[in-house]
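Asker: Read off the chains here:
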Amino acid sequence: MSEHLLEVRDLAVSFDTYAGEVQAVRGISFYLDKGETLSIVGESGCGKSVSIQTIMKLLPSPPSRIKSGSILYRGEELVTKTDKEMESYRGKEFSMVFQDSMTSLNPTMRVGRQLCEGIIKHQKVSREKAKEIAIDMLRQVGLPNPEKTYMRYPHSLSGGMQQRVMIAIAIACNPQILFADEPTTALDVTMQAQILDLMNGLKKRLGTAIILITHDLGVVAQMADRISVMYAGKIVESGTADEIFYNPRHPYTWGLLGSMPSVEQSSRAAKSELLSIPGTPPDLFAPPKGCAFAARCNYCMGACLKEDAPEFKADDGHMVRCWLMDERAPKVTPPVGKYAAVTGSAPAQIPAKEEG
Amino acid sequence: MSAAVMEKQVIPAQADGREPLLRVEHLKKYFPAGKKQVLKAVDDISFSIGKGETLGLVGESGCGKTTVGRTILRLYDPDGGAVYFEGTDIYKLPKKEWKPMTQKMQMVFQDPYASLNPFFTVGEIIEEPLKIHGLYPNKAERRERVYELLEMVGLNKDHANRFPHEFSGGQRQRVGIARALALDPTFLVCDEAISALDVSIQAQVVNMLMRFQRELDLTYLFITHDLSMVRHIADHTAVMYLGTMVEYGETGELYAHPAHPYTQGLLSAVPVADPAYCRTHTPSHLQGEVPSPINPKPGCRFCDRCPRATERCRSETPQLREVGAGHWAACLNL
Numbered sequence: 037m038s039e040h041l042l043e044v045r046d047l048a049v050s051f052d053t054y055a056g057e058v059q060a061v062r063g064i065s066f067y068l069d070k071g072e073t074l075s076i077v078g079e080s081g082c083g084k085s086v087s088i089q090t091i092m093k094l095l096p097s098p099p100s101r102i103k104s105g106s107i108l109y110r111g112e113e114l115v116t117k118t119d120k121e122m123e124s125y126r127g128k129e130f131s132m133v134f135q136d137s138m139t140s141l142n143p144t145m146r147v148g149r150q151l152c153e154g155i156i157k158h159q160k161v162s163r164e165k166a167k168e169i170a171i172d173m174l175r176q177v178g179l180p181n182p183e184k185t186y187m188r189y190p191h192s193l194s195g196g197m198q199q200r201v202m203i204a205i206a207i208a209c210n211p212q213i214l215f216a217d218e219p220t221t222a223l224d225v226t227m228q229a230q231i232l233d234l235m236n237g238l239k240k241r242l243g244t245a246i247i248l249i250t251h252d253l254g255v256v257a258q259m260a261d262r263i264s265v266m267y268a269g270k271i272v273e274s275g276t277a278d279e280i281f282y283n284p285r286h287p288y289t290w291g292l293l294g295s296m297p298s299v300e301q302s303s304r305a306a307k308s309e310l311l312s313i314p315g316t317p318p319d320l321f322a323p324p325k326g327c328a329f330a331a332r333c334n335y336c337m338g339a340c341l342k343e344d345a346p347e348f349k350a351d352d353g354h355m356v357r358c359w360l361m362d363e364r365a366p367k368v369t370p371p372v373g374k375y376a377a378v379t380g381s382a383p384a385q386i387p388a389k390e391e392g
Numbered sequence: 008m009s010a011a012v013m014e015k016q017v018i019p020a021q022a023d024g025r026e027p028l029l030r031v032e033h034l035k036k037y038f039p040a041g042k043k044q045v046l047k048a049v050d051d052i053s054f055s056i057g058k059g060e061t062l063g064l065v066g067e068s069g070c071g072k073t074t075v076g077r078t079i080l081r082l083y084d085p086d087g088g089a090v091y092f093e094g095t096d097i098y099k100l101p102k103k104e105w106k107p108m109t110q111k112m113q114m115v116f117q118d119p120y121a122s123l124n125p126f127f128t129v130g131e132i133i134e135e136p137l138k139i140h141g142l143y144p145n146k147a148e149r150r151e152r153v154y155e156l157l158e159m160v161g162l163n164k165d166h167a168n169r170f171p172h173e174f175s176g177g178q179r180q181r182v183g184i185a186r187a188l189a190l191d192p193t194f195l196v197c198d199e200a201i202s203a204l205d206v207s208i209q210a211q212v213v214n215m216l217m218r219f220q221r222e223l224d225l226t227y228l229f230i231t232h233d234l235s236m237v238r239h240i241a242d243h244t245a246v247m248y249l250g251t252m253v254e255y256g257e258t259g260e261l262y263a264h265p266a267h268p269y270t271q272g273l274l275s276a277v278p279v280a281d282p283a284y285c286r287t288h289t290p291s292h293l294q295g296e297v298p299s300p301i302n303p304k305p306g307c308r309f310c311d312r313c314p315r316a317t318e319r320c321r322s323e324t325p326q327l328r329e330v331g332a333g334h335w336a337a338c339l340n341l
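Protein sequence lines, in the order shown, are assigned to chains V and W. My numbering puts the last residue of the first sequence at 392; the count rises by one with no breaks. My numbering puts the last residue of the second sequence at 341; the count rises by one with no breaks.
Some hints here could point you the wrong way.
[Unchecked claim] Simulated crosslink set (BS3-like; lysine-lysine; CA at most 27 Å straight-line): (1) W:Lys42 - V:Lys184; (2) W:Lys43 - V:Lys307; (3) W:Lys35 - W:Lys103; (4) V:Lys367 - V:Lys349; (5) W:Lys58 - V:Lys307; (6) V:Lys184 - W:Lys111; (7) W:Lys35 - W:Lys102; (8) V:Lys117 - V:Lys70.
FYI, nobody ran anything at the bench for these hints, they're computed from the structure. Quantities reported herein were computed from a predicted structural model and do not represent experimental measurements.
Take the sequences, apply the hints, and build the full model.
Answerer: Right, dumping it as structure tokens:
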């Protein structure tokens with residue numbers, strides 16, 4: 037029995053297409069303990085959704101293919117499980133909140149029936165009992181008038197209410213792990229704040245572990261205990277929330293933190309250039325030989341183009357995949373974080389241009 | 008306070024006697040919504056933008072901010088009010104005179120996937136406004152202008168012969184910006200121009216827009232729901248709620264001292280990228296949702312969600328009034 041609730045080791049996932057093989061996930065490892073929130077951050081196309089959909093085995097195969105690695109849930113290997121066997125995990129042990137609630141709920145089924153489906157399957161209860169549980173779930177996620185909502189169709193609900201219904205479906209069978217794939221991206225800030233509050237409350241009450249996928253670092257700061265930053269199918273940096281926000285070590289993380297303006301910035305920082313990352317992410321049909329970020333990196337060295345960096349340990353548990361961590365590399369001052377070149381209270385403040 | 012007085016003072020550029028580039032007065036846009044129902048998307052909005060400035064227009068989805076932008080450009084016919092561009096009332100212009108006016112007012116759309124014609128090459132897309140307005144009648148010169156525009160937005164000549172689907176979201180948005188800049192406009196409406204892009208690409212595009220503003224002396228109406236981005240680029244900020252403007256002010260002042268309860272709720276809901284801050288602060292979030300804009304009730308439209316609402320708020324409609332220097336809010340409890 038492994039000590040972690042979920043452990044992913046060296047997972048690689050590819051899609052076979054007519055144009056060739058797309059290496060969406062290229063060897064990622066992470067773990068999740070009971071009751072904690074792990075956040076996976078990265079741009080679109082970096083493989084964050086693919087990795088969690090692989091864990092739940094939601095991707096059709098073909099075209100997707102697990103090339104290597106293992107997924108251990110409470111010490112049990114999931115990679116070799118058949119679809120039939122996975123059914124007892126999905127919904128019961130793991131469940132998922134998708135980004136787009138409009139297309140993820142079945143438009144032809146009433147909210148109640150969609151909720152009861154999973155409850156009846158996993159808890160083996162009668163239809164009446166399931167309805168009772170379902171209405172209680174709707175109440176728990178803060179929907180007004182749960183009995184009425186039970187009978188409504190998804191289209192008659194607003195985006196925020198639909199997302200609440202999705203969360204109700206996801207937590208109906210007390211899952212151990214809740215996967216949330218950009219749960220608030222489609223929502224307004226006020227609704228986003230309400231949904232995040234709800235998820236944090238449920239996590240505290242039910243002890244559910246959460247894997248949160250997002251590209252919004254503000255959301256991450258509010259939710260995450262630990263963070264993994266993904267780029268082009270690999271985890272380039274991982275650590276606790278404090279380590280990533282206050283002592284980021286990977287140039288990509290610096291870029292992510294720097295490219296976000298802050299509401300609390302000073303007037304001087306406003307209207308200044310944002311720290312942007314030049315260029316676009318690499319094509320995963322043919323990932324570059326060296327570090328995938330090298331082409332966009334201001335600190336790129338000769339070694340970066342030849343060979344991908346190994347995992348360096350910055351501190352206990354803080355992993356960085358960057359050659360700058362090598363002892364032969366020159367020392368650079370990060371443009372963001374606690375040790376940034378400029379002083380400032382907010383970590384995402386706009387830094388001065390890096391010298392040299 | 009009478010509305011006439013209000014406008015005079017709400018217009019920031021008039022303080023030094025200059026006519027603002029754009030002055031919007033009592034703009035109204037209603038949409039029919041079935042049996043005797045009216046959706047008041049924009050209900051009596053007034054503001055102005057000085058030359059070379061950026062006005063950030065923020066609010067939740069469905070508050071009418073996009074409708075404001077589109078009505079200003081006459082993409083929708085207004086149901087009332089006037090828009091003065093460089094002193095001329097553009098709604099009164101006959102069709103003939105309106106066309107040359109559109110050269111100066113252009114728009115960058117939200118969705119870089121839907122706003123570019125998939126059957127046109129990028130070169131043709133950027134060329135189209137030049138053709139419509141009969142600029143650069145010489146074909147070779149026109150091509151040169153297209154190449155110049157592509158280079159301005161960080162693309163190159165070779166991209167002109169490609170189709171939109173060959174580009175990433177960030178590159179497409181650059182094409183959209185090049186098209187908007189083709190006619191050398193003075194005023195750009197950026198309607199959620201960066202919302203569909205990734206964070207790192209957003210920063211690239213925003214930096215580019217700010218550079219163009221400096222170099223080409225552009226004026227922006229920047230419509231977005233991203234409050235942090237508005238804080239970063241806008242000189243003035245206007246907050247909309249259900250078709251009405253609830254607060255207006257200089258950006259730094261408005262963010263530091265939000266006066267309207269809605270603005271306060273909106274700002275407290277923006278996640279702060281600082282874990283230590285999040286652990287120590289538990290902001291009180293706005294509850295509930297935006298009510299339907301169809302046949303709104305009298306009184307303050309925010310009163311159902313407002314923590315400070317009183318009986319008076321349900322009957323009396325608040326008007327914008329000055330709460331600080333150049334800082335306006337529409338709330339009865341101030």
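Asker: Next, verify each hint and record whether it holds.
Answerer: Results of checking the hints against the structure:
1. Between Lys42 (chain W) and Lys184 (chain V), the direct Cα distance comes to roughly 26 Å. Compliance with the 27 Å bound is thereby established for this hinted pair.
2. For the suggested pair Lys43 (chain W) and Lys307 (chain V), the alpha carbons sit about 46 Å apart, so the restraint of at most 27 Å is broken.
3. Distance hint between Lys35 (chain W) and Lys103 (chain W) is fulfilled; the C-alpha atoms sit about 24 Å from each other, no more than 27 Å.
4. A hinted pair counts as satisfied when its Cα atoms are at most 27 Å apart, and Lys367 (chain V) with Lys349 (chain V) qualifies at roughly 16 Å.
5. Proximity of Lys58 (chain W) to Lys307 (chain V) is assessed by CA-CA distance (about 16 Å); at most 27 Å being required, the pair is judged to hold.
6. The straight-line distance between the Cα atoms of Lys184 (chain V) and Lys111 (chain W) is roughly 52 Å, outside the 27 Å bound, and the hint therefore fails.
7. Straight-line distance between C-alpha atoms of Lys35 (chain W) and Lys102 (chain W) comes to about 21 Å, which keeps the hinted pair within the 27 Å bound.
8. As the CA atoms of Lys117 (chain V) and Lys70 (chain V) are separated by approximately 22 Å, the hinted pair is consistent with the 27 Å bound.
Going through the hint list in order, the structure does not satisfy hints 2, 6.
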